[in-house]
Amino acid sequence: MNSKGMVSMREKILTYIERNSRVDLKDLAILLGTDEATIANEIAQMEKEGVICGYHTLIDWDKTGSEKVTALIEVKVTPQRGLGFDKIAERIYNYPEVDSVYLISGGFDFMVTIEGKTMRDVAQFVSDKLSPQESVLSTATHFILKKYKDHGTVMVRQSKDERMLITP
Amino acid sequence: MRNPLSDTIVNVKPSGIRKFFDLVSEMKDAISLGVGEPDFDTPWHIRDEGIYSLEKGQTFYTSNAGLKELKEEIADYLKRRVHVEYDPADEIVVTVGGSEGIDIAMRAMLNPGEEVLIPQPSYVSYEPCAILAGGKPVIIELKEENEFRLTAEELLEAITDKTKLLVLPFPNNPTGAIMEKEDLEAVAKVIIEKDIFVLSDEIYSELSYKGEHVSIASLPGMQERTILINGFSKAYAMTGWRLGYACGPQKIIEQMLKIHQFAIMCAPTTSQYAAVEALRNGDGDVVKMREAYDQRRRYLMHAFKEMGLRCFEPYGAFYVFPCIKEFGMTSEEFAGRFLEEEKVAVVPGTAFGDCGEGFLRISYAYSLDNLKIALERLQRFVQHLREERK
Chain U
316 MNSKGMVSMR
326 EKILTYIERN
336 SRVDLKDLAI
346 LLGTDEATIA
356 NEIAQMEKEG
366 VICGYHTLID
376 WDKTGSEKVT
386 ALIEVKVTPQ
396 RGLGFDKIAE
406 RIYNYPEVDS
416 VYLISGGFDF
426 MVTIEGKTMR
436 DVAQFVSDKL
446 SPQESVLSTA
456 THFILKKYKD
466 HGTVMVRQSK
476 DERMLITP
Chain V
597 MRNPLSDTIV
607 NVKPSGIRKF
617 FDLVSEMKDA
627 ISLGVGEPDF
637 DTPWHIRDEG
647 IYSLEKGQTF
657 YTSNAGLKEL
667 KEEIADYLKR
677 RVHVEYDPAD
687 EIVVTVGGSE
697 GIDIAMRAML
707 NPGEEVLIPQ
717 PSYVSYEPCA
727 ILAGGKPVII
737 ELKEENEFRL
747 TAEELLEAIT
757 DKTKLLVLPF
767 PNNPTGAIME
777 KEDLEAVAKV
787 IIEKDIFVLS
797 DEIYSELSYK
807 GEHVSIASLP
817 GMQERTILIN
827 GFSKAYAMTG
837 WRLGYACGPQ
847 KIIEQMLKIH
857 QFAIMCAPTT
867 SQYAAVEALR
877 NGDGDVVKMR
887 EAYDQRRRYL
897 MHAFKEMGLR
907 CFEPYGAFYV
917 FPCIKEFGMT
927 SEEFAGRFLE
937 EEKVAVVPGT
947 AFGDCGEGFL
957 RISYAYSLDN
967 LKIALERLQR
977 FVQHLREERK
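Chains as they are written, first to last, in this note's numbering: chain U, 316 to 483; chain V, 597 to 986.
Bound-form chain U, shown alone:
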């Protein structure tokens, strides 16, 4: 929002596609009261600038047959002289099995999420690849047991329209 409280077209586009990136550009233009070319240009520009970094699908893997485990790993490190946290983060996020890496405030330094086929997979990653790193002081691994809500979407219930069909 700018100082006048007006929401820019960019912000409107982002707010919408953050929840539904599959929206038809023609529809989005109508919804936001502009034309398709404006939308297409803004999106292309934001992709170029790295504002839009990717388009993903939110999947509830529990409802599929495939086995997957997700873990959150708290990592405590000692930043290296002249390199800071970024270099250590890079050594962690370069592993393809690592899903996300955040530098955070509080009792530890990084929050790493990782997906594996089995708990053994994840344990192996921690013991073979993460813990042995020079700057890593300690780790604590938490396995996710159930996902209630992810990316703003509640995974555990289907919403149903409870309203009467006709009301004045």
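A couple of the hints might just be wrong.
Taking lysine-lysine pairs in the PhoX-like style, the calculated list, with each CA pair at most 20 Å apart, reads [claimed, not checked]:
#	chain 1	residue 1	chain 2	residue 2
1	U	Lys-432	U	Lys-461
2	U	Lys-327	V	Lys-884
3	V	Lys-758	V	Lys-790
4	V	Lys-732	V	Lys-790
5	U	Lys-327	V	Lys-758
6	U	Lys-475	V	Lys-624
7	U	Lys-341	V	Lys-968
8	V	Lys-968	U	Lys-475
9	U	Lys-327	U	Lys-363
Hints in this document: simulated from the structure, not taken from any laboratory.
Following the hints, position chain V against chain U.
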């Protein structure tokens, strides 16, 4: 046995919407564009506050006019949003929905035979409430060519020596019409000149898509002759909580409060605590919901244009009011056939007054996916009707 009933109530027509509701209920798997309430859940922080108040055991009556802190928040909100100042001590009464406010205002203000001007198409309860209060409803038929706004000429023409009160229902259910500042100024002049009062039902005030909503009470000389009705149902998606309020001159509110006190006692306590939270921390929710409605509004208008269905662009509430006169049938016939052939429920314009003939009320308090399916069916139905008429 003697007749147990009052002639007055027996002579009141049942709501026109009722008949259609029964028809729709019998139809299995119909989809609906017929509701008059938001599709959003009440924001969680508001619900949570209601639950919390129950946990704390706040389960007693509040004072008749409502919780002091709620009245203060209402006064603060109205000052902030519509720039009208009310004294929470004696110019505000918290009611069971906006509907109760309409009822008690009419009962407090009307003497037998005094006339109430009711612009139509409009919400179904003004006319019966006026009758039950002993008043005489006088309908002003609003015109599509004026975008269903009330003009000073129409008002002037309807005023007689007996006119006491004008109902001003904007943003409007079912048309989606709004009254902008200039429109209000023009009618305010007549109101002051003719010395009548206004019941301004602003329940949809937060759902205005063309600049800020303007309350007639904010115009010079109007606050002293206006009862302002608003509530939480539409702005905060709180229909089931049944909570609204009426504000006005102490002299009128005092009498309204008497009726409220004897008939209702006080508005639900849990709802009142939740409403305090809504007014304190709910501005962001309102903005989000308004934006979502506005997007759908644009989508519907675009779809109507594509299918060549005439519709003035409404800037308020969550309704559009397309014209179906080209098909040569009544609104009821159209709605009935649309339901039967395409299984989509819309409300015939006549449910909101005779002058709603030739129009439909379509609600966009639905998800875009839902609207898309319904619009596809409408497109097909309209095309089918046009071919039939060739």
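**Prompt:** Which of the numbered hints are not met once you compare them with the structure shown?
**Reply:** Number 5 only.
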